[in-house]
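Since the structure of chain H is provided, determine the placement of chain D on it from the hints.
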Amino acid sequence: MTWVGRPLPRSEDRALLSGCGWFTADAAGDARAVAFVRSPVARGRILNIERPEGATVVTTAELAGVAGIRPLLHRPDYVAVTQPILADGAVTFAGQPIAAAIAETREEAEDVAEQVFVDIEPEDAVVDLDRALAPGAPLVHAHAAGNLLVEGKIETKGFAEALAGAAATVEIDVRSHRQNATPIEARGGLAAFDRRTGRVTLTCSTQMPHMLRTGIADCLGMPERELRVVAPDVGGGFGQKMALIPEYVFLVWAARLYGGSVAWIEDRRENLTASFHSRDQRHIVRGAFAADGRLLAVEADIRCNVGAYSCYPVTCGVEPLMAMAEFPGPYDVREYKVRSRGVTTNTCPMAPYRGVSRPAITLSMERLMDCAAARLGIEAAEIRRRNLVTDFPYKTATGITYDEGSYRQSLELAEETVNLAAFRERQKAEWARGRYLGIGFAVFNERSGYGTPAFAARSMDITPGYERVEIAMDPSGHVELRIGASPHGQGLQQALRQLVADVLGITPDTIHVIHGDTDATPYGWGTFASRSMVISGGACKLAAEKLATKLRAASATLLQADPARITLAGGEARAEGGGHVGIAEVARAAYHKSHRFGNHEDSGLMAFATYDPPGTYSNACHAALVEVDVETGGVRIERFIAVEDAGLLVNPMIADGQVHGGIAQGIANALLEEIVYDPAGNILTASLADFLPPTASEVPPIEIRHLETITDASITKAKGLGEGGAIGAPAAVINAISDALRPLGVELFEMPATPRRIRAAIRSATGKTAA
Amino acid sequence: MKPAAFEYFAPRSVEEATALLAQHGSDGRVLAGGQSLVPAMNFRLARPAVLVDINGIDRLAGVREEGDRIIVGTLTRHVVFEKPVTDGPLAKLLPTIAHNIAHLPIRIRGTFGGSIAHADPAAEWCALAVALGAEIVVRSTGGSRTVAAGDWFRSIFTTDLRDGEMVTEVRLPRLGDDWRCGFVEFNRRAGDFALVAAVAALRIEGGLIREARLALGGVVDKPVRAEAAESLLLGQTPGDPVFRAAAEAARGSLEPFGDIHADAEYKSELVAVMARRALERAVAA
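Taken in order, these protein sequences are the chains called H and D.
Following our numbering, the numbering of the first sequence begins with 1 at its first residue and continues without gaps.
Following our numbering, the numbering of the second sequence begins with 1 at its first residue and continues without gaps.
Bound-form chain H, shown alone (with noise of 0.2 Å):
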């Protein structure tokens, strides 16, 4: 019997659920609060800023010396935009930090941040992607020409040929509106001055505390160990919390400055209006499809608006790059044409969200496919069936590397449990009686578990991937694990003790997860991309297995027995043929009776692993049933199916809590969120009156089929799926409302899909008011 495989609760909810949770909030204490002035529109030039008397502001003239945020990617097509602290001399998007006031309480900084007089001349702002990309729009950015801060181009050699020998081309032309991740706990921060010491302490909400420390120590040009970054319980992050923010640099900044401790805990309105962004893409498709329904080639036109900035470590390009090189997603696509840009605009900037491009992508790939199957006359399951990669390892036309995966049996298995042909029936009588029923299917795959490799082919000047781990048996036989990753949320220190358990022959409950501190773990990328499990856990792995063996030597001495011959299982080290001990008494000896073993250079029971895997793809089939109210443009989500293949699962229970929520905010994608701004630039979503995540009303009753296709590139045999579920939900869902409404004739091809949308869509194929 394994510990990994169990559904048992994870360690971390007592403490949650309880109230004993410690956010960055609660230590904020009495520090000093900062409330930011921000900008209230998208573009001007700042003459003046007139600060009330007696009170305490800070501009940039006072950070003078202060590097501003550049990330960097090493492609020639890029190009690196400064964001500075705080706004110096212009503005760039409604939201952007100006000044910061410092009081006793939040209530009285807001009160002398509203007093704070900040005299802007406006200029023109340029808002949507596609105005930006117009010929003469105005630059955001003097050097960067067309708006462009990065330009991707593929096409493959036999590309033309295809096309051309295609029976039949389906073009469509897909809009993704923008989206804030919205995370329960907006972002915060306490930045505490240790006079003893003369360190700063940054308790802040983020996914990545030593790359965190790295950034605020780059721009405040100190050494990185005067700074400790510390992630108590964070309150889900999503990507949202996996960059460098201006806020966290001034917090560090003035904390040093006035020797005491200073705190911004984040309110929603500054959430949703400058945290980051993310999903503002537009994709013009084109598949050329063989009269059997096989997908010759895709030819597309990517569009991402990255908003004013790029996000720091990953860049901008993280949208627009993604979405070029993982395009085709799980289809069996040779050939393949692509022209993907980063478009800069005075907005919020984006972020990764919880499946950075792919919700979008996919979106793409499974309209196609509903659109080709119509074309063509093929069931839209059978078209994928298809089209979907069966043989592996796989390369793809951008030369990525799949490794197992149950593409086409996720695919059936949704097929069954549906059962579709008998749900056409029943579609066919529902639209003779008026109602309309529809069913979505989203195949894809998601990349995770990359490291160094992936992201190097990126050209990221900052390149992440690998992660380390030390691990570390006490005297008492109790475990600590000190990991770089920076779990949120996640129940990832439930799932490392489960697998730590099954390496050391212990219970889950002696082993203890340290993280989230950079004074107390080895520097590490945090936790973002679905990588935890697989990479975390895989150093975790290794480190555990460093240990198990200094545990064998140690009862094999203390048994008389040999190494090789022992093993630890039950919570005690048993030599073979007889002879047994205590491993928690082996812990006791390694200390305190070091002298017996006669290993004075590796006294004590400590290891350390590092883990920088290639990736692994997990894959998924979600399926979407819904009723469409065709006279409000009201949808309703009658069930929804996803059967997920993550390889082996550590702890189902917890695999399907990241689906459950991974679907939910898809769910919201498709239906519900979405960023507006007017014209000007000034954002009309700013609160959650407006920006509309799902309630437990929108979410039905999510049904979870597990497959486990066993990868060698994993060594723990887990693949990561984090994001799977708002990978694929938006696609599933979209299509499901095209499916539902086909006597109508409507397609929709964006997205949220809002009752708005939906009835224009369905009045402009009509020609039919409702009443």
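A couple of the hints might just be wrong.
[Stated by the list, open to error] Ranges between beta-carbon positions, derived for each pair:
(1) D:Arg-44 / H:Asp-88: 23 to 31 Å
(2) D:Arg-145 / H:Glu-114: 50 to 58 Å
(3) H:Glu-703 / D:Leu-234: 49 to 57 Å
(4) D:Glu-227 / H:Gly-767: 27 to 35 Å
(5) H:Gly-767 / D:Thr-146: 32 to 40 Å
(6) D:Asp-68 / H:Ala-771: 35 to 43 Å
(7) H:Leu-688 / D:Leu-234: 37 to 45 Å
(8) H:Pro-522 / D:Met-1: 54 to 62 Å
(9) H:Gly-767 / D:Arg-44: 45 to 53 Å
(10) D:Leu-208 / H:Glu-412: 56 to 64 Å
(11) D:Asp-259 / H:Arg-334: 26 to 34 Å
(12) D:Thr-237 / H:Asp-130: 49 to 57 Å
(13) D:Thr-146 / H:Ala-771: 34 to 42 Å
(14) H:Arg-225 / D:Arg-44: 36 to 44 Å
Treat the hints as calculated values from the structure; they're not laboratory data.
Please read all numbers here as calculations on a predicted model, not as lab measurements.
Glycine included, each C-beta is placed from N, C-alpha and C at the ideal position.
Using the frame of chain H, we list chain D on its own:
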């Protein structure tokens, strides 16, 4: 999102409350459930210098029947209406409406009178008040006066309430068993303010509609009755043809405001659809 500074008073009687409101004039605001006012204060969209918190005045809460009227104390929480507070057709209508108001924690705190005084154009109780011809009773140190719902709502977040006054109760008519009522709303998510809400009340006698009330919320700057639709219904047999005609009339009589969730054209469609469905629900009930 912290409020600007304000003074706070917690009077224990209506007399004390009105005295405070008289003293502070336009600076004073009544705090009831706070479900709209407090967020507005946190956004600094509302900046009352003085808050008069009436939550300690117990006698302002509760529902009682008085002759042919139902007297709703201003501090009565939304959640109270989830169960019938009266008999007749309202025994079903009021709980239906209550369940459409926001979410349970908000219903536990938010108040009927607060909703009427706040006058959000999409608020359910405001549409009900207009549909049923409710009376709003306000008090000041100078005494009390009664305002008909049709005169009460002036514009978005604006009512007939004058400086120094507070709402003390709302009077709804009790409806006889010959009335049929229906409510429906369409919103983006469960619990959101309606894009369009409709309340229908029909008195049917001898198979014909003798009186008709149709109110719509969320369409223009205040809840309104669709009088063109109402007059079209009179004397008719309830059913699909006349309901469709009435819905069309309602649509034709209103020029909706558009917003990011519903442009005017779409909202106009919702007016017709919600009006028709409210009428259908009334006779189906």
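Hint-by-hint comparison with the structure:
{"no.": "1", "hint": "D:Arg-44 / H:Asp-88: 23 to 31 Å", "verdict": "holds (27 Å)"}
{"no.": "2", "hint": "D:Arg-145 / H:Glu-114: 50 to 58 Å", "verdict": "violated (38 Å)"}
{"no.": "3", "hint": "H:Glu-703 / D:Leu-234: 49 to 57 Å", "verdict": "holds (51 Å)"}
{"no.": "4", "hint": "D:Glu-227 / H:Gly-767: 27 to 35 Å", "verdict": "holds (30 Å)"}
{"no.": "5", "hint": "H:Gly-767 / D:Thr-146: 32 to 40 Å", "verdict": "violated (50 Å)"}
{"no.": "6", "hint": "D:Asp-68 / H:Ala-771: 35 to 43 Å", "verdict": "holds (36 Å)"}
{"no.": "7", "hint": "H:Leu-688 / D:Leu-234: 37 to 45 Å", "verdict": "holds (43 Å)"}
{"no.": "8", "hint": "H:Pro-522 / D:Met-1: 54 to 62 Å", "verdict": "violated (38 Å)"}
{"no.": "9", "hint": "H:Gly-767 / D:Arg-44: 45 to 53 Å", "verdict": "holds (47 Å)"}
{"no.": "10", "hint": "D:Leu-208 / H:Glu-412: 56 to 64 Å", "verdict": "holds (60 Å)"}
{"no.": "11", "hint": "D:Asp-259 / H:Arg-334: 26 to 34 Å", "verdict": "violated (48 Å)"}
{"no.": "12", "hint": "D:Thr-237 / H:Asp-130: 49 to 57 Å", "verdict": "holds (54 Å)"}
{"no.": "13", "hint": "D:Thr-146 / H:Ala-771: 34 to 42 Å", "verdict": "holds (38 Å)"}
{"no.": "14", "hint": "H:Arg-225 / D:Arg-44: 36 to 44 Å", "verdict": "holds (42 Å)"}
Of the numbered hints given earlier, the model fails hints 2, 5, 8, 11; all others are met.
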